[in-house]
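*Asks:* Listed below are the residues making up each chain.
Protein chains: 4
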Amino acid sequence: MEIDVLRSPVNFLQHMLGALPHEDALRDYESWWEAEGRAISDATDRAGTPWLRMFDRAGRRVDEILFAPEYWRALRQGYKAGVVWRAFEDQSLETCALLDYITCYYDPGLTCPYVISLATAVALDQHGDPALKDRFLPMLLRRDDTVWQGATWMTEIKGGSDLGANVETIARPAGDRWLLSGDKYFASNAGADLAVVAARPDDAPHNVRGLALFLLPKRREDGGLNYTIRRLKDKIATRSVPTGEVELRDSEAWLLGSREHGVHQILEVLNLSRATNSLGSAAIAQRALAESADFARGRIAFGKPIFEHPLMAKQFREHFETLRHAFALGWESIRRLDEVWRQKPPYSDRYHLFRLIAHLAKYWTSDVAPQIARWAMEVHGALGVLGEFPVERWFREAMVLTIWEGTCHRQILDGMEVMERKGAHHLLFEALGDWASPDEIAHIRRRVESHLALPQSEREAGAEEMFRDLAMFTARAAVQSLSLSEAPI
Amino acid sequence: MEIDVLRSPVNFLQHMLGALPHEDALRDYESWWEAEGRAISDATDRAGTPWLRMFDRAGRRVDEILFAPEYWRALRQGYKAGVVWRAFEDQSLETCALLDYITCYYDPGLTCPYVISLATAVALDQHGDPALKDRFLPMLLRRDDTVWQGATWMTEIKGGSDLGANVETIARPAGDRWLLSGDKYFASNAGADLAVVAARPDDAPHNVRGLALFLLPKRREDGGLNYTIRRLKDKIATRSVPTGEVELRDSEAWLLGSREHGVHQILEVLNLSRATNSLGSAAIAQRALAESADFARGRIAFGKPIFEHPLMAKQFREHFETLRHAFALGWESIRRLDEVWRQKPPYSDRYHLFRLIAHLAKYWTSDVAPQIARWAMEVHGALGVLGEFPVERWFREAMVLTIWEGTCHRQILDGMEVMERKGAHHLLFEALGDWASPDEIAHIRRRVESHLALPQSEREAGAEEMFRDLAMFTARAAVQSLSLSEAPI
Amino acid sequence: MEIDVLRSPVNFLQHMLGALPHEDALRDYESWWEAEGRAISDATDRAGTPWLRMFDRAGRRVDEILFAPEYWRALRQGYKAGVVWRAFEDQSLETCALLDYITCYYDPGLTCPYVISLATAVALDQHGDPALKDRFLPMLLRRDDTVWQGATWMTEIKGGSDLGANVETIARPAGDRWLLSGDKYFASNAGADLAVVAARPDDAPHNVRGLALFLLPKRREDGGLNYTIRRLKDKIATRSVPTGEVELRDSEAWLLGSREHGVHQILEVLNLSRATNSLGSAAIAQRALAESADFARGRIAFGKPIFEHPLMAKQFREHFETLRHAFALGWESIRRLDEVWRQKPPYSDRYHLFRLIAHLAKYWTSDVAPQIARWAMEVHGALGVLGEFPVERWFREAMVLTIWEGTCHRQILDGMEVMERKGAHHLLFEALGDWASPDEIAHIRRRVESHLALPQSEREAGAEEMFRDLAMFTARAAVQSLSLSEAPI
Amino acid sequence: MEIDVLRSPVNFLQHMLGALPHEDALRDYESWWEAEGRAISDATDRAGTPWLRMFDRAGRRVDEILFAPEYWRALRQGYKAGVVWRAFEDQSLETCALLDYITCYYDPGLTCPYVISLATAVALDQHGDPALKDRFLPMLLRRDDTVWQGATWMTEIKGGSDLGANVETIARPAGDRWLLSGDKYFASNAGADLAVVAARPDDAPHNVRGLALFLLPKRREDGGLNYTIRRLKDKIATRSVPTGEVELRDSEAWLLGSREHGVHQILEVLNLSRATNSLGSAAIAQRALAESADFARGRIAFGKPIFEHPLMAKQFREHFETLRHAFALGWESIRRLDEVWRQKPPYSDRYHLFRLIAHLAKYWTSDVAPQIARWAMEVHGALGVLGEFPVERWFREAMVLTIWEGTCHRQILDGMEVMERKGAHHLLFEALGDWASPDEIAHIRRRVESHLALPQSEREAGAEEMFRDLAMFTARAAVQSLSLSEAPI
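Protein chains in written order, with my numbering: chain A, 22 to 510; chain B, 22 to 510; chain C, 22 to 510; chain D, 22 to 510.
Please keep in mind that the hints were generated in silico from the structure rather than gathered at the bench. Certain hints may be false.
Identical copies carry no separate label here, and so any pair may be met within one copy or between two of them.
[Stated by the list, open to error] Below, in silico cross-link-like pairs of lysine-lysine (DSS-like), each with a Cα-Cα straight-line distance of 30 Å or less:
1. Lys239 - Lys101
2. Lys443 - Lys335
3. Lys154 - Lys365
4. Lys179 - Lys325
5. Lys325 - Lys335
6. Lys254 - Lys325
7. Lys325 - Lys443
All figures in this text were calculated on a predicted structure; none of them were measured in a lab.
With these hints in hand, go ahead and build the complete structure from the sequences.
*Replies:* And the structure:
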């Protein structure tokens with residue numbers, strides 16, 4: 022474990038991937054974070070949840086979010102570096118994902134607006150009619166300070182797992198557009214200029230098939246606020262993305278794509294978040310390890326740095342190896358998404374393969390990142406539980422990534438479904454054939470198949486062990502894939 | 022897993038231990054917490070680190086800690102219930118430990134002053150000369166609001182693991198007492214009326230043999246402050262115990278016991294904290310499970326409470342089983358301590374056996390409690406990362422218990438030492454013989470012995486796996502012991 | 022200026038009024054504040070605006086205000102002492118006003134719920150039909166912890182001065198009750214069990230004549246919340262009363278009295294707040310003086326306490342004299358209100374006399390209290406601008422009393438109106454005839470009459486000087502009245 | 022009152038002074054504040070007292086003040102604009118004072134480091150020996166981000182008025198320098214690179230003649246911290262200057278000037294702060310008026326903006342006139358200081374004249390600024406007591422300026438002394454002869470002389486009325502002086 026690899030996200034990316042696309046841009050972005058962003062991020066976290074100024078002095082509703090000015094500067098830095106526009110320029114998500122990895126190493130919360138802005142742009146590009154695209158897409162692709170931000174608001178107060186039952190926002194047709202009414206309970210990037218929103222047309226059935234996807238701008242045609250923020254949530258982390266309760270009251274919106282495929286389009290939107298989240302968990306793990314290594318090299322006990330004590334040295338090596346596996350698995354999900362992000366229903370097998378890998382990656386990376394972050398607190402001893410030092414932050418950040426985009430529980434069940442319904446595990450074994458031995462594959466195949474043959478309730482109850490084994494198998498293969506195809510530093 | 026057992030610490034104690042000593046007192050204490058204490062504890066946690074008023078308006082140093090008044094009411098509740106005096110009345114630590122368990126279920130921070138006040142009383146009783154005991158012990162044993170609080174201050178800024186190297190507080194003799202000068206960096210229960218303090222007589226060697234133990238009151242003979250608090254630490258949890266940086270400047274103190282046995286006496290003081298800490302981790306795990314079960318029974322997804330979803334139901338059952346093992350292992354350490362807490366050097370084998378069990382218990386309980394608490398956050402989904410709801414608190418609390426009294430790393434290394442030097446593992450296998458099968462014992466014995474035969478560096482590097490296995494073996498035996506000897510509900 | 026008079030609100034009341042009604046109850050109440058309440062009040066102020074928990078974990082709207090538990094204990098203390106029920110038992114407001122004075126000395130914020138609960142009870146008693154009174158009045162008059170709280174919600178976002186134009190809450194008839202919809206922007210005691218609310222029936226004109234008064238309970242007939250709290254306001258003081266933005270959405274309510282007299286009834290409700298507010302300003306001034314005197318007696322400069330420096334000693338004497346005048350003027354408004362609080366339209370001359378005195382008292386006391394409180398900060402020197410010491414709080418508290426119930430500007434203009442329309446100044450000179458010399462009266466009469474003869478715009482522009490002179494004249498007469506009729510200590 | 026004059030500090034300066042020196046630089050500085058600084062200042066105030074990180078993770082004392090990064094950017098903006106270096110380049114304080122006025126309009130706290138850095142540079146330049154000046158003065162005069170900050174630390178815990186009695190910091194000679202030990206209780210700009218400090222050589226008498234002035238750098242010769250910060254004070258305002266309790270423990274320092282003139286040199290240091298403080302109070306009054314005018318023009322009641330209501334319109338006009346007087350008086354003190362800031366004992370009459378004017382200006386401006394700021398809160402109605410809106414801030418800021426550099430009480434007594442001892446009032450009447458009528462001068466001369474003829478205790482007790490009259494007379498003459506000599510806009 023090289024300390025220089027640990028301390029720099031770009032170095033680590035190079036260590037894992039070899040040559041990087043747009044390396045200069047990545048290095049520039051990292052340099053900005055080291056010179057300015059780090060301290061801004063610390064201050065944002067310390068400041069806690071920002072105030073929401075709902076009304077101005079004249080009594081007009083304004084819903085202004087009172088971050089420190091430098092927050093906005095930091096936020097725009099990523100947009101300018103290309104967290105959205107590069108996907109359209111490169112016709113590939115990879116560089117955006119690398120920029121998100123760097124962002125997450127320094128400030129996990131900021132990754133969220135970047136990823137959901139990209140998801141908004143993609144959804145609009147895929148499903149918006151030409152006039153809508155002409156009107157709004159350029160705003161999201163700007164490369165300067167005037168860039169618009171996007172958001173993806175699905176979840177309501179009864180929870181995000183069972184959208185079919187829990188989305189109560191109603192859409193009523195009104196000329197060329199729709200009027201939406203309802204409350205979005207965990208609306209990330211509240212204040213966004215443009216949101217894609219799940220709602221139920223008023224004549225649609227109250228189940229998952231009744232959902233549709235809409236595009237909703239911040240301002241009404243007449244310039245007024247098109248949604249209001251009831252309040253910002255006091256989150257324990259990711260304080261650099263304002264998460265709010267958003268109230269839609271006859272809010273103007275446009276249907277995206279077709280009502281028939283509403284639920285598929287909603288899931289497409291989540292694909293990007295889920296895959297990037299896996300990389301983000303790895304980035305947090307890297308950061309927690311880097312902070313710990315710095316500390317442990319300076320802390321002396323029994324005559325030498327605790328970094329050199331055999332037990333701790335072994336733990337560092339093992340956690341670094343876990344980090345490599347987590348990254349490789351997350352990256353595998355990005356690569357697979359990059360092949361299918363332009364697909365529409367009916368989806369190909371590669372789309373289902375991506376979905377399984379994304380569930381495996383989200384599950385496993387968000388299980389290991391908090392463990393590493395928690396261990397980093399232990400390395401710091403009593404300093405690990407003080408607000409004064411940054412290390413406890415990484416656990417808080419890791420936990421948010423574990424929970425949003427679906428908890429481990431959710432990933433397991435959804436991953437099971439794509440195996441049961443689409444046979445995605447077969448696609449997986451085929452796809453990974455080059456990077457695992459035939460014996461390994463035969464072994465894990467038997468493991469999975471015999472599990473899937475169990476009765477329903479038993480199958481679900483015991484799913485975690487099987488799913489973890491499958492995730493670790495996939496992670497090992499992914500590491501192997503990288504070391505075969507690339508020349509690491 | 023009965024929900025009524027989960028929701029009540031006394032019910033759980035009865036489930037594990039059968040008949041309880043002073044059950045009425047325990048029930049009364051729990052009732053107070055349900056009626057009043059819970060809400061006070063929530064408010065204390067929300068309020069964050071209290072202010073320290075260093076000077077009064079007239080410019081006199083006062084070091085007043087500005088908790089809400091109700092905090093002090095809650096604090097005294099436990100003292101009156103017997104967290105200190107019952108140990109002396111019963112000549113046993115067990116009821117105190119049970120009261121601490123209840124306290125920890127409701128407010129882990131408060132357990133700290135209780136335990137270290139008891140440790141102060143025990144140290145004074147064991148090692149104080151008669152005049153000193155007559156003067157101060159009654160203050161600590163009062164059963165009303167005038168009771169004094171104790172504290173045990175060892176750690177300095179360079180860390181608590183390597184006391185021999187890191188204690189820089191110097192003691193100079195001055196007539197019948199000593200004058201201490203130095204800084205205690207993590208002084209729990211700052212503001213205590215009486216503290217036992219590790220310091221180095223000015224003519225002593227700069228190693229672990231040079232340490233001695235002192236009794237230091239809050240007020241000088243002339244009524245002035247005998248120590249000052251430089252500041253209170255902003256901890257992420259256990260906010261109900263003020264942890265400060267304490268400055269000793271020619272502070273008056275009395276030597277406890279003999280200089281020759283200073284380091285042993287210091288370790289004796291830690292025994293109680295360590296054993297109680299293990300129970301406390303179990304209490305936090307119980308609380309986190311109770312909160313999750315309440316939530317999961319009310320949260321509906323896909324048509325039924327998520328508590329009844331097969332995968333989650335299985336996780337609840339497994340975590341409850343882990344909780345039972347953690348408690349049993351913690352309780353084993355309390356029972357063993359209860360046999361030896363009056364010993365002085367040279368210690369018996371039973372003392373060394375206790376030490377091994379305490380290390381195993383501290384290690385394993387403080388590894389599993391944060392895992393369960395983190396999982397409880399996941400069960401709550403997005404609510405799990407909001408400051409608004411109590412569940413994220415239990416992870417924060419669990420982490421403090423993981424770290425103070427020595428991290429996992431420390432427990433492993435110290436546990437290894439007592440096996441290597443005192444052969445404590447042999448005593449353990451003997452002691453647990455009735456509650457484990459001969460095969461199990463033979464297996465674990467081989468595992469331990471072959472590990473101890475490894476070269477030093479390899480032995481230390483690989484210690485964790487072996488130590489975890491040994492801890493789990495001991496926990497299983499402890500559960501078995503309880504179910505054989507007691508009639509659970 | 023006796024320090025013992027300054028330090029005790031009851032002593033001061035006795036100094037000003039001689040024998041006090043229910044003196045034992047007043048002394049008991051003060052004793053509770055000294056023993057427990059003071060520290061609770063300090064903690065409440067330090068804690069800042071409490072959290073509003075809008076939803077419970079199951080996603081149900083609950084709007085729970087998360088004060089520390091001891092806050093609720095302090096709150097109920099006053100209700101039990103009689104801040105509401107004594108007015109009905111005594112058929113007089115005087116004892117309630119004395120209890121409010123004591124409350125305000127210790128915690129100005131708490132006075133608010135007490136006064137508006139009383140105002141709610143009075144409005145219901147005066148204007149509710151018998152069934153409504155039977156149903157709700159007993160709840161407000163309870164003498165134990167189950168007592169209900171009232172509230173008086175008039176102001177909306179465009180401001181409270183011009184209710185005729187700014188009340189946009191609409192009331193629609195619905196069977197035996199009404200459904201109210203609108204937003205109350207500065208709703209004091211948000212969370213109250215019962216509120217009197219200004220609204221406009223949907224067929225009423227959009228002016229001050231179109232307003233009516235309604236009684237609105239916290240819970241709907243079906244048990245649900247009848248209003249929601251959008252948020253609590255971050256006030257700089259009076260943090261012990263939660264002030265919120267309240268949303269009425271088809272909220273169930275009953276009409277009080279007649280629509281024809283709606284605006285008069287609304288003003289009646291404010292009478293009590295306004296008169297008590299004047300006493301409250303005096304209480305804050307007393308507290309600020311008491312704190313300063315304590316400090317100045319302990320602070321030494323140039324060899325003696327600064328309290329004894331000639332310039333400061335003179336300032337203390339003058340401010341104490343101002344306090345006496347402020348109290349006497351405030352008390353005069355209470356006494357006058359006590360004569361007319363049961364009147365209904367058409368009102369007698371004594372009612373209009375009360376109104377003028379109340380405007381004079383609100384104006385002048387809320388002008389002098391912040392001045393004294395600000396001076397108290399200066400006395401403390403640099404300690405006066407630290408959050409650590411309580412003195413700066415009294416300025417913050419004083420400013421809230423200056424502003425709510427109508428700023429000085431508002432009092433002047435409304436006071437002018439009652440002179441212009443009702444000739445209330447003639448009633449005043451007559452009423453104060455015994456306590457001022459004929460010359461004084463002749464002088465002030467000429468002053469007022471010549472001012473009232475000015476052209477409209479000039480009359481309004483120059484109103485403050487005249488109004489101040491009239492207020493000070495009235496205050497002097499009121500002091501004279503007390504010293505003639507009572508035997509001060 | 023022109024709204025454009027009110028809303029821009031440079032416009033107001035031009036309105037008062039006509040042509041401005043370095044006008045372009047002043048306009049640039051104002052533009053920066055409008056574009057960036059305003060929002061930074063709001064965020065700094067909202068953030069409250071910053072954290073002090075006393076130790077780094079390795080346990081080294083670091084005393085790092087955790088402001089948001091943008092704070093440091095804002096801070097350096099003024100240094101670069103010339104708040105220190107221009108005084109030396111121009112050989113005049115005027116442009117620095119104008120920059121300070123602009124700073125104070127936007128962020129009163131920041132003015133403090135600027136003024137005391139200049140005072141440090143002046144003290145060093147006046148009294149440092151050549152080697153000391155060569156070493157340190159260039160650091161303070163840098164025009165880029167590497168500029169050093171100064172500080173002036175006199176006050177100790179017993180208060181700042183009576184330095185002779187209350188300075189307990191002791192200086193012991195040590196070779197070419199001194200070692201200082203003691204505590205400075207209100208140390209503004211804690212963290213400064215260089216401080217001038219009052220201390221008492223160990224052989225000096227315990228009175229005001231025993232004081233001497235020292236120069237004390239942040240770092241010892243060996244690079245270690247030369248002073249430590251015990252804590253930062255929680256002030257209610259001026260949060261952009263960190264005020265701390267500073268501990269000197271054998272801190273290395275150099276004597277400035279001669280011990281014989283120590284107390285005079287200390288007072289010289291205060292001259293600049295006092296004069297600038299008067300301008301600062303005016304700047305805060307301007308800001309409070311500007312905020313109120315903006316609000317009052319947008320707030321409608323009874324059919325028109327409240328700004329146009331006759332009573333309020335009159336109040337605006339009067340307060341603006343008061344602002345003009347306050348500024349003119351403050352500016353008079355700056356102009357007089359500019360004539361004498363290079364003097365050393367024995368001082369000329371013009372020096373004593375400056376001192377009287379400075380006391381009059383500090384007294385009166387800091388009496389009227391909080392009054393105007395408080396009135397601005399009233400104009401805002403209920404918004405005036407919300408933390409959400411900026412107006413209440415200006416009262417808080419004004420109060421700090423009232424108190425630091427000596428309260429009103431102190432100014433009166435010190436102003437009296439310079440009249441009694443130096444006959445400074447005679448110099449004043451002579452100096453203002455051109456700008457007041459002979460009758461006015463004769464009148465005020467009689468007023469002052471007859472007062473000074475009173476017995477001591479009576480003279481002091483009644484001093485405020487006379488002093489206020491003299492201040493207002495001087496302010497009127499100063500306004501007259503400006504309108505005669507300059508062509509206002």
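*Asks:* All the hints need checking, so say for each whether the structure fits it.
*Replies:* Evaluation of the provided hints:
| no. | hint | in the structure |
| --- | --- | --- |
| 1 | Lys239 - Lys101 | within (21 Å within a copy, 40 Å between copies) |
| 2 | Lys443 - Lys335 | between (41 Å within a copy, 26 Å between copies) |
| 3 | Lys154 - Lys365 | within (17 Å within a copy, 66 Å between copies) |
| 4 | Lys179 - Lys325 | between (53 Å within a copy, 13 Å between copies) |
| 5 | Lys325 - Lys335 | within (16 Å within a copy, 45 Å between copies) |
| 6 | Lys254 - Lys325 | between (45 Å within a copy, 27 Å between copies) |
| 7 | Lys325 - Lys443 | between (55 Å within a copy, 26 Å between copies) |
Taken one by one, the earlier hints all hold for this structure without exception.
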